[in-house]
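Please construct the entire structure, taking both the sequences and the accompanying hints into account.
Here is what each chain is made of, one letter per residue.
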Amino acid sequence: GAGVSQSPSNKVTEKGKDVELRCDPISGHTALYWYRQSLGQGLEFLIYFQGNSAPDKSGLPSDRFSAERTGGSVSTLTIQRTQQEDSAVYLCASSPGQGRWDTEAFFGQGTRLTVV
Amino acid sequence: GDSVTQMEGPVTLSEEAFLTINCTYTATGYPSLFWYVQYPGEGLQLLLKATKADDKGSNKGFEATYRKETTSFHLEKGSVQVSDSAVYFCALSAVSSNTGKLIFGQGTTLQVKP
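Those protein sequences? They're chains F and Y, same order as listed.
All letters in the first sequence, in the order written, are residues 1 to 116 by our numbering.
All letters in the second sequence, in the order written, are residues 1 to 114 by our numbering.
It should be emphasised that the hints constitute simulated quantities derived from the structure, not laboratory data.
It should be emphasised that the depicted structure is a prediction, and the values quoted were computed from it without experimental measurement.
We put the beta carbon where it would ideally sit given N, CA and C, even for glycine.
Every clue listed holds true.
Simulated restraints, written as ranges between beta carbons of each label pair:
1) F:Leu39 x Y:Met7: 16 to 26 Å
2) Y:Met7 x F:Ala2: 28 to 38 Å
3) F:Gly16 x Y:Gly78: 45 to 55 Å
4) F:Lys15 x Y:Thr20: 39 to 49 Å
5) F:Gln41 x Y:Val82: 22 to 32 Å
6) F:Glu85 x Y:Asp2: 16 to 26 Å
Spelled out as structure tokens, the structure:
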């Protein structure tokens with residue numbers, strides 16, 4: 001596909017369960033980002049990948065959150081022992097910009113996570 | 001730390017009205033500034049950007065000028081349409097971060113009535 005693809009589009013999980021969210025970036029984009037969009041906190045940065053490395057993980061809210069990227073392409077965001085405050089829309093974005101500050105980011109449609 | 005402040009919404013306008021959405025920022029150095037838009041049921045997409053002081057970004061009739069002296073990047077459109085109804089996010093990317101990560105404002109919901 002031409003754009004950033006995220007799956008699933010919706011996920012309902014029970015409190016305490018683990019969840020995995022997937023992101024397929026635009027082919028050839030070396031930079032990949034995860035953001036979280038929630039009512040109380042707006043749009044927050046979580047983690048940045050350049051290739052398979054994550055030089056900036058400063059936005060991950062707790063050690064229950066982790067992410068990996070393989071083959072310089074697909075990324076997975078994992079939330080362990082989910083809590084109700086983890087309910088949000090998780091957005092993935094990719095960019096060709098090698099981490100440049102002036103380059104457009106292309107966003108996926110997001111995964112809406114609901115923890116019940 | 002770096003931050004972006006947007007005017008609170010929602011903003012409700014009649015078709016063909018003039019639109020201004022205020023955005024101010026705090027950052028060290030000279031960041032790049034962006035407006036992203038989220039139409040109902042769609043993902044975030046870039047509306048316009050400016051990468052240095054006094055630059056004007058423009059797209060689809062929207063404009064914003066990077067004002068270093070007032071640390072602002074206000075979004076304007078001379079005549080809005082119903083199809084402009086969406087959530088608008090102002091954002092910055094700091095040179096110093098070396099990541100390209102975006103810091104967003106809270107978002108402003110625009111509703112345009114026929």
